[in-house]
Amino acid sequence: MAEITAQLVKDLRERTGAGMMECKSALVEAKGDIGEAEVVLRKRGIASAGKKASRATRQGLIGSYIHHGGQLGVLVEVNCESDFVARTDDFKELVHDIAMHIAAADPQFVRKEDVTSEVLEKEKDIQRARVIGEGKPEKVADKIVEGRMQKFYEEVCLLEQPFVKEATLTVGQLVKTKIAKLGENITVSRFVRFKVGDVAAVEAAGPAAG
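Residues 255 to 464, numbered by the numbering used here, are exactly what the sequence shown covers, in order.
Treat the hints loosely; a few may be bogus.
As the list claims (entries may be wrong) - Think about it this way: if two alpha-carbon atoms lie no more than 20 Å apart in a straight line, the pair counts; the simulated SDA-like pairs of lysine to any residue are:
#1 K435 <-> E276
#2 K419 <-> R309
#3 K435 <-> L315
#4 K405 <-> E388
#5 K393 <-> K419
#6 K419 <-> H321
Hints were generated in silico from the structure; no laboratory data involved.
Build out the structure end to end from the sequences listed, making use of the hints.
This is how it looks when you write it as structure tokens:
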């Protein structure tokens, strides 16, 4: 176990924004490994962030990202509770990271709940036909389809996708770490993704900000 020095606690605090005692506790649990301690704090932050999920988000920023060469661009609206948080570097970084992720990962919806019933039923039919075609018994087909639908959500829903800069986190978990750090609810409202030559831009919107 590495020695848990004041400098180590300070370094973790600067990386995560968590309180000093929380950082020290996480380092003890992680046996002095700062990377593991950051994961511990993220897990704790994600748990506490859920308590803020119902709070209204009427402030925020419109972020943009233009990929090198100017052939691909994204606009995204990310909301928070106060103008103060919207002006922080942490929030601005989050908005930029989400816009960049959308450019790279090409999600079709913000969250699982936004997937239209038409798209959902079509995908379920496709997966069910695949399962039957693979010779699986019908009695287990629905369970297999359910598992494959989770993979489908990870492919098409922004908040379910692994974050392009750190695949151990989903975009939804990334947002929750920022909620824990900044102390306000944060939501992704909508985005639009433009690509040169596409007939129509991909546009997705979740529920209106509360």
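Okay, the hints, checked on the actual structure:
1. K435 <-> E276: holds, 12 Å
2. K419 <-> R309: violated, 28 Å
3. K435 <-> L315: holds, 18 Å
4. K405 <-> E388: Cα-Cα ~18 Å, so holds.
5. K393 <-> K419: violated, 40 Å
6. K419 <-> H321: holds, 15 Å
In summary, the structure is inconsistent with hints 2 and 5 from the numbered list given earlier, while agreeing with the others.
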